[in-house]
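Peer 1: Residue numbers (my numbering), protein chains in the order written: chain A, 4 to 545; chain B, 4 to 545.
Don't read these hints as lab results, they were simulated from the structure. Some clues are possibly wrong.
For identical chains, the list gives no copy identity; a pair is met inside one copy or between any two copies.
What the hints assert, rightly or not - Pairs of lysine-lysine, DSBU-like flavour, derived with a Cα cap of 35 Å: (1) K204 to K5; (2) K285 to K11; (3) K381 to K11; (4) K5 to K381; (5) K204 to K11; (6) K132 to K102; (7) K5 to K285; (8) K204 to K381.
There are 2 protein chains.
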Amino acid sequence: MKQFINSKETLVTEALDGVVRTSNSRLARLDGYPHIRVVVRADWDRSRVALVSGGGSGHEPSHAGFVGQGMLTAAVCGDVFASPSVDAVLAGILAVTGKAGCLLIVKNYTGDRLNFGLAAERARAFGLKVAMVIVDDDVALPDLPQARGVAGTLFVHKIAGALAEQGADLDTVAAAARRVIAGAISIGMSLDTCTVPGSPKEDRIGVGMAELGLGIHGEAGVEQVGFAGARAAMAMVVDRLLPHVGPGEHVALLNNLGGATPLEMSVLAEELARSVLADRVKWIVGPAEMMTSLDMQGFSVSLLPVTGDEVAALAAPVAPPAWPGLSALGAVALRPLPDGLSPIQPLPSANPARRALIERCCAAMIASEAALNALDAKSGDGDTGSTLAGAARALVAALDRLPLADGTQLYRAIGNELSQTMGGSSGVLLAIFFAAAGDASASGKTWIGALEAGLDRVCQVGGAHPGDRTMIDALAPALATLSDGVAAAAAAARAGADATAAMTRAKAGRASYQAQDKLAGYADPGAEAVARLFEHLAQGAA
Amino acid sequence: MKQFINSKETLVTEALDGVVRTSNSRLARLDGYPHIRVVVRADWDRSRVALVSGGGSGHEPSHAGFVGQGMLTAAVCGDVFASPSVDAVLAGILAVTGKAGCLLIVKNYTGDRLNFGLAAERARAFGLKVAMVIVDDDVALPDLPQARGVAGTLFVHKIAGALAEQGADLDTVAAAARRVIAGAISIGMSLDTCTVPGSPKEDRIGVGMAELGLGIHGEAGVEQVGFAGARAAMAMVVDRLLPHVGPGEHVALLNNLGGATPLEMSVLAEELARSVLADRVKWIVGPAEMMTSLDMQGFSVSLLPVTGDEVAALAAPVAPPAWPGLSALGAVALRPLPDGLSPIQPLPSANPARRALIERCCAAMIASEAALNALDAKSGDGDTGSTLAGAARALVAALDRLPLADGTQLYRAIGNELSQTMGGSSGVLLAIFFAAAGDASASGKTWIGALEAGLDRVCQVGGAHPGDRTMIDALAPALATLSDGVAAAAAAARAGADATAAMTRAKAGRASYQAQDKLAGYADPGAEAVARLFEHLAQGAA
Chain A
4 MKQFINSKET
14 LVTEALDGVV
24 RTSNSRLARL
34 DGYPHIRVVV
44 RADWDRSRVA
54 LVSGGGSGHE
64 PSHAGFVGQG
74 MLTAAVCGDV
84 FASPSVDAVL
94 AGILAVTGKA
104 GCLLIVKNYT
114 GDRLNFGLAA
124 ERARAFGLKV
134 AMVIVDDDVA
144 LPDLPQARGV
154 AGTLFVHKIA
164 GALAEQGADL
174 DTVAAAARRV
184 IAGAISIGMS
194 LDTCTVPGSP
204 KEDRIGVGMA
214 ELGLGIHGEA
224 GVEQVGFAGA
234 RAAMAMVVDR
244 LLPHVGPGEH
254 VALLNNLGGA
264 TPLEMSVLAE
274 ELARSVLADR
284 VKWIVGPAEM
294 MTSLDMQGFS
304 VSLLPVTGDE
314 VAALAAPVAP
324 PAWPGLSALG
334 AVALRPLPDG
344 LSPIQPLPSA
354 NPARRALIER
364 CCAAMIASEA
374 ALNALDAKSG
384 DGDTGSTLAG
394 AARALVAALD
404 RLPLADGTQL
414 YRAIGNELSQ
424 TMGGSSGVLL
434 AIFFAAAGDA
444 SASGKTWIGA
454 LEAGLDRVCQ
464 VGGAHPGDRT
474 MIDALAPALA
484 TLSDGVAAAA
494 AAARAGADAT
504 AAMTRAKAGR
514 ASYQAQDKLA
524 GYADPGAEAV
534 ARLFEHLAQG
544 AA
Chain B
4 MKQFINSKET
14 LVTEALDGVV
24 RTSNSRLARL
34 DGYPHIRVVV
44 RADWDRSRVA
54 LVSGGGSGHE
64 PSHAGFVGQG
74 MLTAAVCGDV
84 FASPSVDAVL
94 AGILAVTGKA
104 GCLLIVKNYT
114 GDRLNFGLAA
124 ERARAFGLKV
134 AMVIVDDDVA
144 LPDLPQARGV
154 AGTLFVHKIA
164 GALAEQGADL
174 DTVAAAARRV
184 IAGAISIGMS
194 LDTCTVPGSP
204 KEDRIGVGMA
214 ELGLGIHGEA
224 GVEQVGFAGA
234 RAAMAMVVDR
244 LLPHVGPGEH
254 VALLNNLGGA
264 TPLEMSVLAE
274 ELARSVLADR
284 VKWIVGPAEM
294 MTSLDMQGFS
304 VSLLPVTGDE
314 VAALAAPVAP
324 PAWPGLSALG
334 AVALRPLPDG
344 LSPIQPLPSA
354 NPARRALIER
364 CCAAMIASEA
374 ALNALDAKSG
384 DGDTGSTLAG
394 AARALVAALD
404 RLPLADGTQL
414 YRAIGNELSQ
424 TMGGSSGVLL
434 AIFFAAAGDA
444 SASGKTWIGA
454 LEAGLDRVCQ
464 VGGAHPGDRT
474 MIDALAPALA
484 TLSDGVAAAA
494 AAARAGADAT
504 AAMTRAKAGR
514 ASYQAQDKLA
524 GYADPGAEAV
534 ARLFEHLAQG
544 AA
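Build the full structure now, drawing on both the sequences and the hints.
Peer 2: So, in C-alpha cells, the structure goes:
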C-alpha cells in the first residue's frame, strides 16, 4: 500500500516532530529519540496534577493531539499499534510530575497495562504520587472481563483534564476518572480494515458486509453483518449499546475511525440524533477523528451517563484543536426562506410570428440531440444534446404562458424558463444571456443589439472569450453578421463552430482540463449547437 | 463502494442537518430542502458585511464547516461536485445580506461562476450591494488562463472573514480578498482517486505512482509521477510551487484531501518544514482537512505571501472548530530527558549455587524454544519460545555482572535484565514479578514468600487471575506447593498447565480476542513454559 511516509521505522518520530512543529509552540517533546517519544505541554509548571496517557501510535489525534491546557499533560507514544516501553512511560511521568502527583490514563491492553504499570512502580520509587486508571469501555465482547479501551478514553481525558486544570487533587481527579470509566461504553462498526504501514492490507470484509464490534488495532470485529446503509448501521450500533444504557442524561461521542468522510460522519450524526437513543442523548462530542485506527472506514459511538459537573467539565474550553467541543443535541435550527426567490410571472400574450420562430429554434435543438450528444462524448459528459433538447421541449410546452407580445418581458421569461428547466452551466448561461438581452431591450436596444448585450454579459460572467472553444465562437460571429440576414449569420456560425475543431486547447469550461490530443478534430458541442440553430433558421427562411 | 450514506439523493441534506445539529446552536439552515441547501450563522444580525461561499459538496468541512463568527456568514451547498442552483445562492444572499452588503467567494469553476454570478445579478435587482471574487489559486495547469480554485480559498475565507468581523466595509473586504487571490497558489498530489457516491471508483493511478496537479473533483492530475515516499512527494510539490513564489514571508496551508491519515499528514508537515521553502514559510495552517475531495488519499500545499495585517487576520480566533488555527513554523521544541531513567547497576558478586540454579532455569527455556513456539502458533504470534529462549541466553551472558550474593538485589537485577532484553508484555511481567519479589525479600520474606509476592503483583497489574488461561495457571499452584519440594511443584505446574488446554475462553492477553474453538486442546504457552521450567529443575534435583 502506498502511504505518505518515509519508512515504517521513522514514521512515529517524524510525525510527532510534525505535530510539535505545527502546535504554535503549545507542545514540546523530550529529547529521547528514537526510543523515547514523549510529547509534553510546553507551558507546564508542575503546579497541578499531571495527566499522562499514550499507547501505540495509529490512533491520531490520540494521544499527542490531546496534549494541552485542559486535557493531557504528556503523551507517551509507541510504534504503530505497539505499547511504548517502560522507560518511555517513566520518562513521561518524571518529566511532568510535581508534588501534586500524576494520573496515568491507560487503555486496557496487556502491553499498556504492564508498561505503564511498571513505570508507575518505578516512579513511586522516586517518591512521586502516581495513580493509574484502566479504561475498558468496549462492549463488543460482552462476556470478556477484560474489555478493551477505545474511544470512551476521550471522556476520561476531558473530564479528568478539566478537574486537574482547576487544581483538584490527585484523589479527586482519579476518582472522577474511575467514575467515567465505570459509566462509559463504546462500540464500533467498519466497512473496511485499516492499512498498517509496511504490511499488506487485510481483505477480510466482503462486498455488502460490515464488521461490528471491532477493535482499534485491526482486530476482527465480533461479527460480520450485512451492510444496508447509514441508517441501518447506526440502528445496529445503537441496538448493541442499548442493553448497557441506564436511565438519565447521556453524552454521545461520535468517533471517526479514520477513513470515513466528513459527509458520511455527518449523516451518521443525523442518524444518531434520530435513533431511539435520542431521548437520552442530550449532548454530543463530534463527529470527529478522535481515536482512529489508521485509515479504517468506520465509526464508533461512545456513551456516558453524566452529572451536571461532568457536563461542565466536558464543555470547558481546552487548548488542543483536535478536541471538537461539546454540543447540545437538539432539533435542526431552521430559518424561513427569504422572500423574492420566485420571479414574478408575466401575463401570457400572443404573437404568432415570435411563437413560430421559437418553435423552429426548439425544433432545431430537438433534431440535433443525438448528433450533439455524440460530439460532446468526445470531450465531456455526452449530454449536451439531451440537455438542449430537453430544454427545447420544455420551452415549447411553456409557450402558452409566455408574454409573446412583449419583447422585453419575453426575453426575461425565456431566461427564467431555461434556467429552471435546464439546470447546470448551460441553463444559467442562457438565463444570463436572455436576462441581459431583456434589460437591453428595455433600455431601447434593437433586437440584435439586445442579443449582443446578452452575449457581452455571458462573456463577462462566464470568463470565456472568442477563441476559447465555447459556443461564443459561433454565437459572436453569427450576431455580428445577423444584420446581413440569417443566411449570413448561419454561414458565420458554421465557420466559427468548425474553427473550434482546430482549437486543441480549451481555455474555459470543463473541456479545459482535457488533454489537447483528445479534442483535436472535434468541434465544441456548444458552438456546433449554435451553428445548427442558425442553419435550421436559414433553411426555413430560404 | 460501501459508504455510510442512505442514498446519493439525500446525502447532502442529511449531512447538513447533521452539521447543523452538532454545531452547538452556532448554525441554522434555510427551510428550503431539498433544493435549497444553505447553512447560515445562527447569531447573524446583518450588521456587517456578509460573506457567502459554497459550491459543490464533497469538500467538507468546506464550506458549511467554516460558517461562523470570523469566517463565512452562509454556505450554499450543491450536490456532490455540482454547483448549487441560482435560486439556492440567491436564497443565501437574501438571507444574510443587510445594508453593509455581501461578498461572494467563488471557486473558479464555470458552474459556480455562473450560478453565483446570476444570483448576484438578481440580488442587485433587490438593491443589495453584492461583490463577487473568483478564487483561482491552482498552479497545476500553468498555461490555463482559468486556473481552478482549490484550498487557497481558505485564505480568502479567513482574511476576509476577520475584516468583516471587525466591521470593515464591502470595498475593503473585497479588496483584501482580491489581494489574497492574487497572491495565493496551490498544488495537490494524491496516491489514489476519490470515491464519488453512487459511482464505481476509478482506478487510474497505478502501483508505485502518484498524481500531481490534480483537481478536487476527481479530475486527473496533470501528470503521473513515480511515488518514492513522503520526502520525495513534498519535494516534488515544492518544486512545482517554487517558480510562483516571490520574496517575503509566506503562510503555508497544508490540506488533507480527505484520505490521508493524521500520521501521514504530520510527516508531510515535517517534510514541508525541512524543505527548501522553509526559509520563506514562517507560518502554517494545518495539517488538517479543509478542502477535501471526498476520501482522496492526497494532500495539497497552498502558499500566500503575507503582510503583518494578513497574519493578524489569519491568527484571529474564530468560532468554526474546523479552522485549525495559524501556527508559527519553527524548530521542534525539545525538553531534556529527566534524570533517573537508568537503574543503578549493583556491584557483581558470586554465589555458585544460585548461579547454577539460574543456569539450569535458562537451559530449560533454551531447550523448550521450538516446542513453545509451535504451541504459541495455535493461538498467537508463534514467538513465545523464541522470546523466552532469547531472554535466557541474555541472562546467562549477564551472569558475571549480577549481584549473585545478595538475594534482594539479585531479584531486582534479574527483573531489570529481563525487561531490557525481552521487551513486550512478557518482559515487563517478569520485571514486575522480580521487582516485587526483591521488595518482599528486602522486607524479610522467605524466598518462596518473595516469589509469591511477585505473583500477586503480576496478577494485580496484569489483571489476570487463575483460570484465565495464562502462565499464572501453572505458576500459582507451583509456588503453593514449592515448600513440599521441587518435584511437587513440578507436578502441580504440569497439572495447571495441562488444565489450560480445556480453558476454551481466554480472559486476558491477546488470546482473549480469539474465537474459543481455535484454543481448545492446546495449553497456554506461558503456562507450558512454567511447567517445563519446574520439570527441568525437578529432573536435575532427582
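Peer 1: Does each hint hold? Answer for all of them.
Peer 2: Structure-based check of each hint:
Both within a single protomer and between protomers do K204 and K5 lie at most 35 Å apart by alpha-carbon distance, with minima of 11 Å and 17 Å respectively. Taking the shortest Cα distances, K285 and K11 sit within 35 Å of each other only across copies (29 Å), while inside one copy they are farther apart (42 Å). For the identical chains of this complex, K381 and K11 are inter-copy neighbours only, at 27 Å across copies versus 45 Å inside a copy, given an alpha-carbon limit of 35 Å. In this homomeric assembly, K5 and K381 come within 35 Å of each other (Cα to Cα) both inside a single copy, at 33 Å, and across copies, at 31 Å.
Taking identical chains as interchangeable, the C-alpha atoms of K204 and K11 lie at most 35 Å apart whether they share a chain (15 Å) or sit on different chains (28 Å). With identical chains, the CA atoms of K132 and K102 are at most 35 Å apart within one copy only, with a shortest distance of 8 Å there and 62 Å across copies. In this homomeric assembly, K5 and K285 come within 35 Å of each other (Cα to Cα) only across copies, at 30 Å, whereas the closest approach inside a single copy is 41 Å. Taking the shortest alpha-carbon separations for K204 and K381, only the inter-copy value of 21 Å comes in at or below 35 Å, while the best intra-copy value is 38 Å.
Hint compliance for this structure: no hint is broken.
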